[in-house]
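A.B. asks: Chain residues, written in single-letter form:
There are 2 protein chains.
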Amino acid sequence: MLKEYLSQKKELIEKELQKNLRKYLHPKTLSEVMYYAVMNGGKRLRPILMYMMCDLFQRSYDNIKDVATALEFIHCYSLVHDDLPAMDNDIYRRGKLTVHTKYDEATAILVGDILLTEAFNIIATSDYINDKNKVNVMSKLSEYAGFFGMAGGQFVDIKSEHIKVSYDTLKYIHENKTGKLITAAIELPLIILNVNQIRKEKLIKYSRLIGTAFQIKDDILDIEGTFEKIGKKPSDEKLEKTTYPSLFGLKKSKEILNEHISEAKKILKDFENNNLLMELTEYIGKREA
Amino acid sequence: MLKEYLSQKKELIEKELQKNLRKYLHPKTLSEVMYYAVMNGGKRLRPILMYMMCDLFQRSYDNIKDVATALEFIHCYSLVHDDLPAMDNDIYRRGKLTVHTKYDEATAILVGDILLTEAFNIIATSDYINDKNKVNVMSKLSEYAGFFGMAGGQFVDIKSEHIKVSYDTLKYIHENKTGKLITAAIELPLIILNVNQIRKEKLIKYSRLIGTAFQIKDDILDIEGTFEKIGKKPSDEKLEKTTYPSLFGLKKSKEILNEHISEAKKILKDFENNNLLMELTEYIGKREA
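Line by line, the protein sequences are chains A and B.
Numbering of the first sequence is given in the working numbering, commencing with residue 1 and proceeding in unit increments.
Numbering of the second sequence is given in the working numbering, commencing with residue 1 and proceeding in unit increments.
Check before you lean on any hint, since a few could be wrong.
For chains that are exact copies, the list does not tell them apart, and a pair is met inside one copy or across any two.
Claimed, not checked - EDC-like cross-link-like pairs, simulated, lysine to aspartate or glutamate; straight-line CA separation at most 20 Å:
| id | residue 1 | residue 2 |
| --- | --- | --- |
| 1 | Lys28 | Glu143 |
| 2 | Lys159 | Asp104 |
| 3 | Lys132 | Glu288 |
| 4 | Lys43 | Glu4 |
For the record, the hints were derived by calculation from the structure and aren't laboratory data.
The structure displayed is predicted, hence computed values, not measured ones.
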C-alpha cells in the first residue's frame, strides 16, 4: 500500500519538477545542469510529506504542488553545495556522480545558488496560492532554510568535523540541518490549507520526531549501509563526525530511533485517514537506503 | 552635493544593514562571518539608487528600507561566491581579504547561501510592505537574481573565460550579471511606491543604461585602475575575459560609455527633482573606483 503510494506520488512530483525545469531554456548548458541536479533519483520525501498532508485533510494537491517543487529545489541545492570538495567532498550521490564531479565546482556553486533563488520565484509566481499565504510560506521557508535552519545547521556540522561534540550540539545540528526542511514539508501545507492551530502544532511536533528519527537512521545506515544500498560511500567516519552511534553506541541509537518512531505514531492516532502516514513513519525507522 | 548625499545615505543604509545583522546571534562564529561579508566597505550603490527613487517621488525611505537591505544582502552573497577559488579566485576585495581567504571555502559558500536566503526572509517579514507588494517584489527579485538574471549571467561569464566571445554574449553577460540587480534597485521601489507604468518603464530603461555604463566603466578601470584605487587586483586580463576594451579598444569603449551616460541623462530630463540622479549618472562614467 505505502510502496505503491510512494512510487505514484514520486512520479507525480517528478512530473511537476520537470514541468518547472522546462522553463529554464537558455543558456542550454546551465539548463542541463539544473536538470541533472534536480532529477537525481532522490526519494522526494519532503514533497511526498506535503502531498500526504493534502491527503490527510482530503484537499487537492493543487494547493501545494508549487511549494512542493520549491522545497525540493531547496533540498537539491543543499545536496549540490554539501557535496562540494570544501564541504563533504563527495564524488557519488545515490550512485551517480555529484554535480561538481560531473561538471565543475563553479557550475555546482552557481546551480545551487540558482535552485535556491528559483524556489522563491516558483512560490512568488504560483497561480494556486493567495498573496497572504505566499508571504507566510516564504517567510517560514526562508527561516527554515537559512541562518536559523538548514544552512546554520550545516555550518555547525562542518565546524564539528574531527572533534567530538556534545549531545546538545549534535541535536542542534540535526534539528537544523535536516529537521527544519522536514518540518517545512509538514508545516507549509498546513499554512496553505488553513489547518487549525492545535492540529498544526501536533503535526509540527510529529515532523520534529520523524526528522530526528530520519537523521538517527541516516547515522546508523552510514555505519551499516553499503555503497550498493545507499548509493554513496559512508562519509561520517571519514570526517570523524559525531553521530548518535558514536555518542551512544549502535544499540542505544536504535532504541532512541524506536522511541522517536513510537512517539510520532502516537501523535498520528489523533487524526483520521492516518494509515499511510503511520506506514511512512514505520518505514523511516526501517528503511535500508 | 552628490558626495555628501552618498556618504549620508551610505551611513543610513549601513545602520539598517547592521540592525538586520544583529538578529543573527547564534552560532556566533557564523554571525561574525555574516557581518564581515556584509560590512565590506562597499559603495552601497544599489540601496542608494533605491533611496534616490524615494527622493525622486518624495516618499519616505521606510517604504523600501527592508528591500534595500535584502538587495544588498544578495549583492554581498554574489561577491562572496564570485570570489571563490572555483570562480574568480580573488584574494582581496576592496583592499580586504575575501571571505574564503579570511575564513575558509566552506564558510564562504554557506554564508553566501545564508545571505541569499535571509534576503527573502527580510522582505517576507517586513512590517513596511503589504502582502501584494511583497509578492511582486520577491517575484522580480528572484527573477533578476536567478537563472534569468545575475547567476545566469555569472555562469556564462565563467564559461567564457579564456575564449573570445561575441558582442551578443558580452551583452548577455553584462545585462544579467550586473545589469539585472541595478534594474532591481530602480524597479523594486517603483513597485512599492506604485509609480505609474509609463514612468516606471522610462526609469527601467534608465537603469539598463546605467547598468551597462557601470560595467563598461568597470572593464576600463580593470585596465587603468591600480590596486590602491580599486582595492583588488585587475583580474579580467588574468582570466582572459572578453571585455568592452578587448572587443572595441579603450578609446571606442569610452565613447560607448559616454553615449550610455548621455542617453541615461536624457531620460532623467522628464523627471522633476532629478538633480542628484543627474549627478550620480555622471559619476558612474567618471568614478575612479
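A.B. asks: Would you pick out the hints that fail for this structure and give their numbers low to high?
C.D. replies: 3
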